[in-house]
Amino acid sequence: MSFLPSLESPQTIDVSLGPQHPSTHGVFRMNVTLDGETVTRLQPVFGYLHRNHEKIAEGNSWLAAMPYTDRLDYICPLTNNWAYALAVEKLAGIEVAERAEFIRVITAELTRLQNHVAFLGFVLGDMGAWGTALMYAFREREKILDLFESLTGARMMCNYMRFGGCRCDLPPGWLDTTRKLVDGFPKFLDEMEALLTGNEILLARLQGVAPMTADRAINGGMSGPVLRAAGVDYDIRKVDNYGIYNRFKFRVPRGTVGDCYDRFMIRVLEARESVGILKQAIAVIPEGPVVNPKAKQRGFRPPAGEAYGRIEGPKGELGFYVIADGSDKPYRFRIRPPSLINLTLLEELCVGTKIADVMVILGSIDIVLGEVDR
Amino acid sequence: MNDVLEAIRTALPQAIVELVNNPGPSAQHSLLVGRKDARAVAEFLRDSLGFDFCSNVSGVDWPPRKVKETVLNTEMVDGVEKEIKTTVERDVPGYLEAVYHLYSIRNKTGPVTLRVRTGDRDADVSVHSLTPVWKSADFQEREAFDLFGIRFDGHPDLRRILMWEEFADHPMRKDYMAPDDFEYEPTPHDKILAKVKARTEAA
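Residue numbers (the numbering used here), protein chains in the order written: chain Y, 34 to 407; chain A, 11 to 213.
It is worth saying that the hints were derived from the structure and are not from the lab.
Hints may be right or wrong, so weigh each one.
As the list claims (entries may be wrong) - Taking lysine-lysine and the DSS-like style, the derived pairs with C-alpha atoms no more than 30 Å apart in a straight line are:
(1) K46(A) - K312(Y)
(2) K184(A) - K88(Y)
(3) K46(A) - K95(A)
(4) K92(A) - K118(A)
(5) K184(A) - K362(Y)
(6) K282(Y) - K118(A)
(7) K78(A) - K184(A)
(8) K271(Y) - K145(A)
(9) K184(A) - K329(Y)
(10) K362(Y) - K46(A)
(11) K220(Y) - K88(Y)
(12) K271(Y) - K118(A)
(13) K387(Y) - K145(A)
(14) K271(Y) - K213(Y)
(15) K78(A) - K329(Y)
(16) K76(A) - K362(Y)
(17) K88(Y) - K145(A)
(18) K88(Y) - K76(A)
(19) K312(Y) - K271(Y)
Unchecked claim - FRET-style restraints, in silico, Cβ to Cβ:
(20) D167(A) - D248(Y): 38 to 48 Å
(21) G186(Y) - D167(A): 21 to 31 Å
(22) K184(A) - Q76(Y): 45 to 55 Å
(23) T210(Y) - V77(A): 51 to 61 Å
(24) P33(A) - R331(Y): 17 to 27 Å
(25) D216(Y) - R19(A): 53 to 63 Å
(26) P33(A) - K327(Y): 12 to 22 Å
The C-beta atom is built at its ideal place from N, Cα and C for all residues, glycine as well.
For reference, chain Y alone in the conformation it holds in the complex (with noise of 0.2 Å):
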């Protein structure tokens, strides 16, 4: 073999990117095919960070289930949990509190709120702009943070839902706090959309990159923000109704070309839908208890049978399936998660692109490793 280049057969290199790499969100890798810059093949390799959480939440309680769907994807710990509740609740037909329906939409709502501007952050991180983007969104991240903290004693392993209800009430003076940080949060967005949106080096590094047709998304699985980037009007929070969801007004956001630029701006577009969600739920949310009290928590032993229970996470649809054969142990516990399957497409979108866009693209995904490895 030789390795002088000649005008025959031009010469490509193999690049391993990751799994140490700043970029890759985690410990994740991609082999990666090199002819110049440009990509000829990318395999991404997973399993770095995989524990088998489905193995391990079947050889536990329904209920010691709950604290491990916080470290799925660390990022939004409180959308997991309800996942994984209205997973359980449609398998043994349990109601859930009407005060908790409220609780459960104002905390997911802040959720995606978090996650969206830590977007915005790693995104700008990944281009190059390292740290100020990241520092200013991280800023709105931990008041938000706070608030988590306040209500469930932690930041991020939140285990707050249970099934009927949540696990304790809102504390004194937590929906003003709320209120003020939301009614606050408008203001940020214009502030980071007015510093990025027109940047030049943005648009350059953005628009146009890996589009994705709408057909191509649906049959790759794409779900969340990158679907409707791509055009395809599917929000579960309007498709399945779930929760109390039919009694907001919200829009649901679309992109055109669904690249780079897109999905981007969709999480902006997103946030401020979420801003208006959680102004209509703060307004009219009841007193009531917080759990269903018929729901049992501990010994809890459902009838036998199946569901599969998804949400709109903020990374896509994150479902659960669960099997009961009526022990007090799941008999089968899967995660649909949104991180592995959207990066189904990754080697599609990336092949013909420069090296440089890789990461943009992984980016512009949004991932997160402990969701992806399992």
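Chain Y is already provided as a structure; the job is to place chain A on it using the hints.
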């Protein structure tokens, strides 16, 4: 679910499809599809019924188990007909199952649950891959192959995804036993210990 079943039966009369009842309150019933017909049924669901989105692919392990059934028999006891309940134990052979949750993004309906079963858990573990129908099944079928050992025929790239290539077993199976030490490898000490053991035994 029943109209989906009827539509499949009308369009593909030779395909084996039956309804699997879900006894729980969720009432999400599923369709058990014959192994050979899975691909045809999947293509029909995608192209004619609009189920364009394969959301979730999951493996399930069902080891061999005994099912207790109560059977009513009528017997003549002292000239009077009596119904006698007898409990019969029936052996159910083990199998692996691939479960697909389908949604329609176009019509905003779903889920339709497809189940495909393998013949047994050791030798006859092949089912048709549905990745050519829905690209989203790609990584998830690899995961079911990795963790359960279901072979998906026709999958473009069937390799282990989460465990490492040299790993031999399938950890999500119910009878899987984790080794005491994952990182065991023979060291020079093992040879010395074996020599010592042989010497002491000879002496």
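Status of each hint after checking the structure:
no.	hint	result
1	K46(A) - K312(Y)	violated, 53 Å
2	K184(A) - K88(Y)	holds, 9 Å
3	K46(A) - K95(A)	violated, 39 Å
4	K92(A) - K118(A)	violated, 54 Å
5	K184(A) - K362(Y)	holds, 13 Å
6	K282(Y) - K118(A)	holds, 19 Å
7	K78(A) - K184(A)	holds, 21 Å
8	K271(Y) - K145(A)	holds, 25 Å
9	K184(A) - K329(Y)	holds, 27 Å
10	K362(Y) - K46(A)	violated, 34 Å
11	K220(Y) - K88(Y)	violated, 45 Å
12	K271(Y) - K118(A)	holds, 10 Å
13	K387(Y) - K145(A)	holds, 24 Å
14	K271(Y) - K213(Y)	holds, 27 Å
15	K78(A) - K329(Y)	holds, 29 Å
16	K76(A) - K362(Y)	holds, 19 Å
17	K88(Y) - K145(A)	holds, 26 Å
18	K88(Y) - K76(A)	holds, 23 Å
19	K312(Y) - K271(Y)	holds, 18 Å
20	D167(A) - D248(Y): 38 to 48 Å	violated, 22 Å
21	G186(Y) - D167(A): 21 to 31 Å	violated, 44 Å
22	K184(A) - Q76(Y): 45 to 55 Å	violated, 32 Å
23	T210(Y) - V77(A): 51 to 61 Å	holds, 56 Å
24	P33(A) - R331(Y): 17 to 27 Å	holds, 24 Å
25	D216(Y) - R19(A): 53 to 63 Å	holds, 57 Å
26	P33(A) - K327(Y): 12 to 22 Å	holds, 20 Å
Hint compliance for this structure: hints 1, 3, 4, 10, 11, 20, 21, 22 are not met, and every other hint is.
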